[in-house]
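*Asks:* Here the structure of chain A is known, so what remains is to put chain B in place on it, guided by the hints.
2 protein chains.
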Amino acid sequence: MTNQPMPTLHNILAARPHVYRHLKPTPLFPYAGLSQLIGAEVWVKHENHQPTGAFKVRGGLNLAAHLTPEERRGGLFTASTGNHGQSVAYAAKVSGIRATIAVPEGANPGKVAAMRGLGAEVIFHGADFDTAREWIAAEAEEHGGRFVGPTEELLIAGVGTYGLEIVEELPDVEVIIVPVGAGSGACGTSIAAKSINPNIQVIAAQSAQAPAMQRSWQSGQLVSAEMRTFAEGVATRVPFANTQRIMRHYLDDFVLVDDSDIKQAIRLHLEHTHNLAEGAGAVSLAAALQLKDRLAGKKVVLVLSGGNLSTANLRSILQNS
Amino acid sequence: MTNQPMPTLHNILAARPHVYRHLKPTPLFPYAGLSQLIGAEVWVKHENHQPTGAFKVRGGLNLAAHLTPEERRGGLFTASTGNHGQSVAYAAKVSGIRATIAVPEGANPGKVAAMRGLGAEVIFHGADFDTAREWIAAEAEEHGGRFVGPTEELLIAGVGTYGLEIVEELPDVEVIIVPVGAGSGACGTSIAAKSINPNIQVIAAQSAQAPAMQRSWQSGQLVSAEMRTFAEGVATRVPFANTQRIMRHYLDDFVLVDDSDIKQAIRLHLEHTHNLAEGAGAVSLAAALQLKDRLAGKKVVLVLSGGNLSTANLRSILQNS
Chain A
1 MTNQPMPTLH NILAARPHVY RHLKPTPLFP YAGLSQLIGA EVWVKHENHQ
51 PTGAFKVRGG LNLAAHLTPE ERRGGLFTAS TGNHGQSVAY AAKVSGIRAT
101 IAVPEGANPG KVAAMRGLGA EVIFHGADFD TAREWIAAEA EEHGGRFVGP
151 TEELLIAGVG TYGLEIVEEL PDVEVIIVPV GAGSGACGTS IAAKSINPNI
201 QVIAAQSAQA PAMQRSWQSG QLVSAEMRTF AEGVATRVPF ANTQRIMRHY
251 LDDFVLVDDS DIKQAIRLHL EHTHNLAEGA GAVSLAAALQ LKDRLAGKKV
301 VLVLSGGNLS TANLRSILQN S
Chain B
1 MTNQPMPTLH NILAARPHVY RHLKPTPLFP YAGLSQLIGA EVWVKHENHQ
51 PTGAFKVRGG LNLAAHLTPE ERRGGLFTAS TGNHGQSVAY AAKVSGIRAT
101 IAVPEGANPG KVAAMRGLGA EVIFHGADFD TAREWIAAEA EEHGGRFVGP
151 TEELLIAGVG TYGLEIVEEL PDVEVIIVPV GAGSGACGTS IAAKSINPNI
201 QVIAAQSAQA PAMQRSWQSG QLVSAEMRTF AEGVATRVPF ANTQRIMRHY
251 LDDFVLVDDS DIKQAIRLHL EHTHNLAEGA GAVSLAAALQ LKDRLAGKKV
301 VLVLSGGNLS TANLRSILQN S
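So the protein lines, in turn, are chains A and B.
The opening position of the first sequence corresponds to residue 1 in the working numbering, with each subsequent residue numbered one higher.
The opening position of the second sequence corresponds to residue 1 in the working numbering, with each subsequent residue numbered one higher.
Same shape as in the complex, but just chain A:
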């Protein structure tokens, strides 16, 4: 792994003006129903209330603010299962530059429509995120554009602003549970929380049906793994070295939750918070239910990272309950 310095709280503070030029802090609400269910004081950080429905837009805005004139002219190129792409499309739109986004075949149609609605060019390519990513990186080079990797440090610093919002608004938070796809959210959150108060436990969670990041974190090696989760926001097959390094330094634990428990968590969010969570967004609640004993009586924040669940998935999840 690399020897570059890791991003710090300084980078998150520096990202704030770029993020808050376009966005407002998201709500952090306590929920009596979830608290009763888990036996803890449960708060939800509503990143699903972003204009794009997910936390990643914070990172895109920070990245777009740091482009050179050449990069602005060449435009942004990236690959995404949806939320990162919406982030890049949103940042490009408000910055007046072009965005080209490769998505895997079968990508969430609502997310694709949202990217196009933001003015991005969306191209379907390959069976999964990693295939789309390799292809679009080559396209970017060919067209003199700026390829945006999903775990760039400017993205981590940008998304870390929600971690900072949590600790500023609820200074006595004891546990934060955050989902992991490529890891930028878990990195940003843990850098913010641990730099301010090392006693805050930050626990990451991922689908057991896509465990590459969790296995890499546990073993200290970069290991790929099978990927067959329905939750595209955490559907990582090939791990990322830079976010692994940060997570090994900062995270207290990293757990896996079964897709069936993620679906149950989506139903519980609808019932108790009246929010639509996508799979990745419900991972934190699924993990909290699994970790009930460890959380008992504690002040816990669940990051509801995104709400962009397709209607087809929602219908099937409600039918099979």
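No wet-lab data here; the hints were simulated from the structure.
Treat the hints with caution; some may be incorrect.
Identical copies go unnamed one by one, so any copy, or any two together, can satisfy a pair.
[What the hints assert, rightly or not] List time: in silico DSSO-like cross-link candidates among lysine-lysine, alpha-carbon distance up to 30 angstroms:
1. Lys93 x Lys299
2. Lys93 x Lys292
3. Lys93 x Lys298
4. Lys298 x Lys24
5. Lys93 x Lys24
6. Lys299 x Lys24
*Replies:* Here is chain B on its own, set in the frame of chain A:
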């Protein structure tokens, strides 16, 4: 009808410190998918992002800030199908006073649980809102408490703060569509919008299966009507004189939308905004689809007044599409 002076923009401005002591402004987002569907520039005012999931909490906070010491000691008494009750319960909790709330039999269980989660005493009484209301008003008097009617001026001024937020954030808004239950939201919105810019069209909407307020507005007479809508937030059987008077002064139009179109609008919100709207919350979108021709090319704000749809209703709405 009464000759009392109507509330004005002054009352809304005066409510702001009481509202923002506990709440933040809610998001106002544009949605490309809805804009395409309606053929207008469509924005959504996210009152479903309130801690109680609905706009009414703004009014409760303004009312609680104006109680006498005697009223604080006696506690608050009210009747509600859910959102007004959550508002009173929330305001009572943050103000350190007791709340007793009568709900009709069969009330939305999620809303009842939320009121209890906020510490309120909830009592089931009668078949509909109006029956529960008469009973609890007598209870309040017997116990020396403060009965809170659903259309008190302090409530109208408090909820009017979201109307002001709309016009401040999007000064060139041309049309605002707002649902009507008892009418406090439509009154607050139209007072704010029309006082600032009389050219803004404010259009109210209600379920065709509960048309009492719309028929009263059209006829200039207070007429009760049948009430059989599934959308408890707009399920008014007996009209309210004070909100009628304000609406007759300020509203540009008042339309009815069928329950089946409200259900379709709930599905469209899930698909295009990824937000759970309750029936009352989706009325504005249903009305916009009905008024497409009038709205063509305009800048339109739809008030998504609340998101507290029960899981049972959601399941049935998704199954029957």
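*Asks:* Could you figure out if Lys93 and Lys298 sit no more than 30 angstroms apart (CA to CA) within one copy, between two copies, both or neither?
*Replies:* between (41 angstroms within a copy, 21 angstroms between copies)
*Asks:* My question is about Lys93 and Lys292: at a cut-off of 30 angstroms on alpha-carbon distance, are they close within one copy, between copies, both, or neither?
*Replies:* Answer is between: at 27 angstroms across copies they meet the 30 angstroms cutoff, but 42 angstroms inside does not.
*Asks:* Is it within, between, both, or neither for Lys93 and Lys24, if the alpha carbons may be no more than 30 angstroms apart?
*Replies:* both (18 angstroms within a copy, 26 angstroms between copies)
*Asks:* Should Lys299 paired with Lys24 be assigned to within, between, both, or neither, using CA atoms and 30 angstroms as the limit?
*Replies:* both (24 angstroms within a copy, 22 angstroms between copies)
*Asks:* One pair to classify: Lys298 and Lys24, alpha carbons no more than 30 angstroms apart. Within, between, both, or neither?
*Replies:* both (28 angstroms within a copy, 26 angstroms between copies)
*Asks:* As a check of your reading, is Lys93 near Lys299 (CA-CA no more than 30 angstroms) within one copy, between copies, both or neither?
*Replies:* between (38 angstroms within a copy, 19 angstroms between copies)
In this structure, none of the earlier numbered hints is contradicted; all agree with it.
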